[in-house]
Amino acid sequence: MAKKVLMKGNEAIAEAAIKSGCLHFFGYPITPQTEISEYMAKRMPKVGGLCLQAESEISAINMIMGAAAAGSRCLTSSSSPGISLKSEGISYIVGCDLPCVIVNVQRGGPGLGGIQPSQQDYYQATKANGHGDEHVLVLAPSSVQEMAQLTSEAFDLADIYRMPAMILADGALGQMMEPVDFDVMSKRDVPEKTWATNGTEGKRKKNIINSLLIDPVELENSVIARFKKYDEIAEKEVKYEEYKCDDADIVIVAYGITSRICKTAIAAARAKGIKVGLFRPITLWPYPKKQLGALADKAKHFLVCELNMGQMVDDVKVATECKKPVSFFGRTGGMIPSPDEVLAEIEKLAATL
Amino acid sequence: MVVFDKPKSLSPVPFHYCPGCTHGIVHRLVAEVLDELDLCGKTVCVSPVGCSVFAYNYFECDMIEAAHGRAPAVATGVKRTHPDNIVFTYQGDGDLAAIGTAETVHVGARGENITIIFINNCIYGMTGGQMAPTTMPGQVTTTSPYGRDRRIQGSPIRVCEMLSTLDGVAYAERVAVNTVPNVKKAKAAIKKAFQNQIDKKGLSIVEVLSTCPTNWGMTPEAALEWVKTDMIPFYPLGVYKDADVKELNPTSTKEVNE
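First to last, the sequence lines map onto chains H and E.
Under the working numbering, the residues of the first sequence are numbered 1 to 353, in order.
Under the working numbering, the residues of the second sequence are numbered 1001 to 1258, in order.
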């Protein structure tokens, strides 16, 4: 039987990264994700890797750019305000088609906000990590096990598609402890990094890692090529979970920590005879549009539940083509709804059906 | 017979630089050094944002084009991944001493074993002649049209002097390329800065006083003269630090463990 380890979510990410062959971590302390840096600082020297604390988030993401360009599997992590600082670098890394993994253990915002869990960076993560037409893969774990599992998948996806992958977690997942099984890490075939800048050795032409394309025709073509890749990813790499959706009148759409609160509320609602289920997107980009859309013919109502003011509502409306009403319930700024609050919302909705 | 040839480390393409601009001289000096030390095949250059943004077209080694000011951080990522590669950044004054000041100071504080070629021409060239962190007191630029007033726009940064105070910096020298003797001294400094990296001595920076006739509004000849009459008195040439700080710049845990 696989040996399970009791770990914090943040530590699980760090250990999963190391087990995935990550040898370079660059970060900057910020609550509630600092355990990732601390874990890396302890472990990396033991495995011949490097944990380097940068002078800023900006430097950390650019060190990632250098390490990724040099062919390293590398990781950086931060929390919401720090991710904003990284956004310039993320855009450049996308523009240079470099693979890396970025972790955002979200906290409340805007501004310095607070240090409690939130999902207020959904828009930023899925629509606009940086300037320009660009996307990064966004994976949303809902347990410590998934913090580990999705981290290892993120490394493979990043390498396969030569682009950044983000783990979009939250302070609750980062801080809570659960058992983790590290024997189930992703092990996909990844292409060789023949494009890496690690010296020509006089044996090949120089490699250039660059996001500057001054000729608009060339730039347009490169963006279009990248979007073709995005289409392929949307086709092949979508991940989601359906829970009690088969007979559901109400489908709750929730990801991350919120999905677990919703599952508790669903059990209570089902005990009262309300047919309610959960659709949980695991990849937030690409969004499981078709799969969620397929539920729009059966369900009567969609309820989006998030730790923000309703940032995913638009995606649900698009996926379901507004065939059924979509309403929203959430808490924000670091507040977390109790299962009873979600249950009350379900009951309120059920009364209208 | 003396044959004046293009260094192998320079790509066979014409530079885009303005007439009288000294970027071309500095590119050539770097390439000559890469040839002489036989480094091109193991070198990674990180180019900046500014006039030398297209440096990736000009050097034959592997190239990375960084965001404005971030070259030292990018170079850190490369060097820490491959400590045996030779890594250098090529940066202008706005890139290195304004938007990238934090990256510059901390790459020095960490004593990264890389080489920085710093072009100081007292102005933003690519965007068309705006005030730089190194623009001299009284100097007219498009954003200091009445001359840089230190009481309003602050005072210029002397980069070599500042960096020489950091423990991790092995070598900081300011040179100029306005005369033949100065070009020769500049090449010697650049060579030393790369040799230091081979010898793992720590961060080496060579600041090159350079010209920008286009944005200074001068003929190339007058620009070279201005380097002598105005820049050098304000930015004195010379070695500001020359030390072996090898002990301070481990580049891999493997080396530390050994």
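No lab work stands behind these hints, which were simulated from the structure alone.
In this text the structure is predicted, and so the values were computed from the model without any measurement.
Heads up, the beta-carbon is just placed ideally off N, CA and C, and yes, glycines get one too.
Take the hints with a grain of salt, since some may be wrong.
To be verified - Here's a subset of chain H near chain E, in silico, CB distances under 10 Å, partners left out: (1) Gly21; (2) Leu23; (3) Gly66; (4) Ala68; (5) Ala70; (6) Ser72; (7) Gly89; (8) Cys96; (9) Val190; (10) Thr194; (11) Glu201; (12) Lys206; (13) Ile208; (14) Ile224; (15) Val238; (16) Tyr287.
Which hint numbers does the structure go against, in order from smallest to largest?
1, 9, 10, 14, 15 and 16
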